Amino acid sequence: MKAADFSYHEVVNLQDAIKIKAQDDEAVILAGGQSLLPALNMRLSSPTCLIDISKISGLNEIKIDGQTLFIGALATHSDVMNNKTVKDNMPCMIDILKMVAHPAIRNKGTHGGSIAYGDPAAELPALAVATNAEIIVSGQNGERSINAKEFYLGLFETAINQDEIVVGIKYPLLKQGQKIVFDEVCRRHGDYAMAGLIANIMGSKNDIKDLKLVFFATGDKPDVADKTARLYLDNGYDYDKLKNSLSSEIDFAGDLNSSSEMKLHLATVLIKKVLSKLEN
Amino acid sequence: MVAKNLVNISFTVNGERFNNVNVPSRQHLADYLRSQGFTGTHLGCEQGACGACTIEMDGKAVRSCLVLASQANGTNLKTVEGFDDEMMEKVKQNFLKHNAFQCGFCSPGMLMTTKEILLNKKKLTRDEIRSEISGNYCRCTGYQSIVDAIEECINEIN
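These protein sequences, in sequence, are chains S and R.
For the first sequence, the tail end lands on 280 under my numbering, and the numbers increase by one without skipping.
For the second sequence, the tail end lands on 1158 under my numbering, and the numbers increase by one without skipping.
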């Protein structure tokens, strides 16, 4: 349970971090480290070079930027949960973050870190996909913006190039009548989910005009289930039909706590559980 | 520990200054603190699940197994050995009174989590207390006595 050896670089500005990362294929960014350190300790990952960006100033800004809520990469989960701009404009994010680990981990874990790490069981990547967020990365050629759905390519695999670093996330502000509802099933509060669902809904309980379902802890990345959402809108909740649809749409991958069959069941039940939270 | 890569850092633990010490880059903070005699910081899982290694870094609770010693550069740390202010003395008395220490393995983390609960100054129900300490495993008290102790602490300050 000890990390393998690596070289460690503490940087205080973004350009230095980009320079080191661009030069070393093995270099990995360390922000809060709350997902990376367990992986290092368990030797699931053993990079030879770590670039600690946590002391770069100005990367933890939270603000309204046009029609979006911008969250700087280094804002910790606790920062986001206690931020008034977030509370006023996207309160659902605070409730979602309550499901992320425990206070001591949320004090250190960063928003950008969770987005960039791309853990398929994590809540924030699913939220980014569900809300059509843009992920802003900075590299040798300047900044670019990647849509969350195009950002996640596979298991812990993202569209970040070797010379790039996530600097912030832009979440479109919710429109009139738009709601984000969610839930997850896990063995202990704060643990990684066995299956989770974030639904982006336009309309009210009895009159849903548009529905987007994004599952997490189901496959190798946030799983969008558009066909299943369509089926729900056309036929309402029918366990067997929705289960069939989900099994054709998502490549369920079992883990230590739950088999792929169990995840499929939980995902199907979550549709009912999550949508029943909608108010009329 | 075989260490090719060393990092030079300075920080404070319980008011004691550590200047220009060399730490192996791969060593986590809990291991470093224990190597310096701060053995009140306990290690259970080393992956952030059990909470036994929870300490205070710049006023906030963190898992010291999920922070590299090198990341402590420039920070102010407090371990269970430094929990000697009036509030924490009361917390420890309440833990003793309710037999919430029992084997003692989870206690440093439980005390740190209790400290953070009390600093938030929120009145919590027993269920909410259980939810707040859900990041700290205890394998012997059954949590009942710990919840009793924290409940009394909350009642005292509110």
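To be clear, the hints were calculated from the coordinates, so they are not data collected in a lab.
These numbers come from a predicted model, not from an experiment.
Where hints are given, some of them may not hold.
The list that follows gives simulated cross-link-like pairs (lysine to aspartate or glutamate, EDC-like), each with its CA atoms no further than 20 Å apart [as the list claims (entries may be wrong)]:
1. S/227 with S/238
2. S/2 with S/24
3. R/1121 with S/24
4. R/1122 with S/261
5. R/1004 with S/26
6. S/55 with R/1058
7. R/1121 with R/1081
8. R/1004 with S/79
9. R/1004 with S/5
10. R/1004 with S/10
11. S/273 with S/226
12. R/1060 with S/79
13. R/1060 with R/1116
14. S/98 with R/1116
15. S/227 with S/191
16. R/1122 with S/26
17. S/55 with S/163
18. S/98 with R/1128
19. S/98 with R/1127
Chain R side only, calculated, beta carbon under 8 Å to chain S, not exhaustive [stated by the list, open to error]:
20. 1004
21. 1025
22. 1067
Don't be surprised by glycine CBs; every beta carbon is placed ideally from N, CA and C.
How the hints compare with the structure:
About 14 Å separates the Cα atoms of residue 227 of chain S and residue 238 of chain S, which keeps this hinted pair within 20 Å; it holds. Only pairs whose Cα atoms come within 20 Å are accepted, and residue 2 of chain S paired with residue 24 of chain S is rejected, the gap being roughly 23 Å. Our distance criterion of 20 Å between C-alpha atoms is broken by residue 1121 of chain R and residue 24 of chain S, whose separation comes to about 47 Å. Of the supplied pair hints, the one linking residue 1122 of chain R and residue 261 of chain S is violated, its CA atoms being roughly 42 Å apart against a limit of 20 Å.
Taken as a hint, the residue 1004 of chain R and residue 26 of chain S pair is honoured in the structure, with Cα atoms around 17 Å apart against an allowance of 20 Å. Taking the CA atoms of residue 55 of chain S and residue 1058 of chain R, the gap is about 14 Å. The hint holds against a cut of 20 Å. With a CA separation close to 23 Å, the supplied pair residue 1121 of chain R and residue 1081 of chain R exceeds the 20 Å bound. For the proposed pair residue 1004 of chain R and residue 79 of chain S, the alpha carbon gap of about 36 Å is over 20 Å, so the pair is violated.
The straight-line distance between the Cα atoms of residue 1004 of chain R and residue 5 of chain S is roughly 7 Å, inside the 20 Å bound, and the hint therefore holds. As the CA atoms of residue 1004 of chain R and residue 10 of chain S are separated by approximately 17 Å, the hinted pair is consistent with the 20 Å bound. Between residue 273 of chain S and residue 226 of chain S, the direct Cα distance comes to roughly 18 Å. Compliance with the 20 Å bound is thereby established for this hinted pair. A C-alpha spacing of about 12 Å is found between residue 1060 of chain R and residue 79 of chain S, which places the hinted pair at or below 20 Å, so the restraint holds.
Of the pairs offered as hints, the one joining residue 1060 of chain R and residue 1116 of chain R holds, with about 8 Å between alpha carbons and a cut-off of 20 Å not exceeded. Taken as a hint, the residue 98 of chain S and residue 1116 of chain R pair is honoured in the structure, with Cα atoms around 16 Å apart against an allowance of 20 Å. For the proposed pair residue 227 of chain S and residue 191 of chain S, the alpha carbon gap of about 29 Å is over 20 Å, so the pair is violated. Our distance criterion of 20 Å between C-alpha atoms is broken by residue 1122 of chain R and residue 26 of chain S, whose separation comes to about 45 Å.
In summary, the hint linking residue 55 of chain S to residue 163 of chain S is supported, as the alpha carbons are separated by about 19 Å, within the 20 Å threshold. At most 20 Å may separate the alpha-carbon atoms for a hinted pair to count; residue 98 of chain S and residue 1128 of chain R meet this at roughly 13 Å. Proposed proximity of residue 98 of chain S and residue 1127 of chain R is supported: the alpha carbons are some 15 Å apart, at most 20 Å. Proximity of residue 1004 of chain R to chain S holds as hinted, the smallest CB-CB distance being about 5 Å (cut-off 8 Å).
Contact between residue 1025 of chain R and chain S, as hinted, is supported at the beta carbon level, the nearest pair being about 4 Å apart and thus within 8 Å. Taking 8 Å as the C-beta cut-off, the interface hint given for residue 1067 of chain R holds, the closest approach to chain S being about 7 Å.
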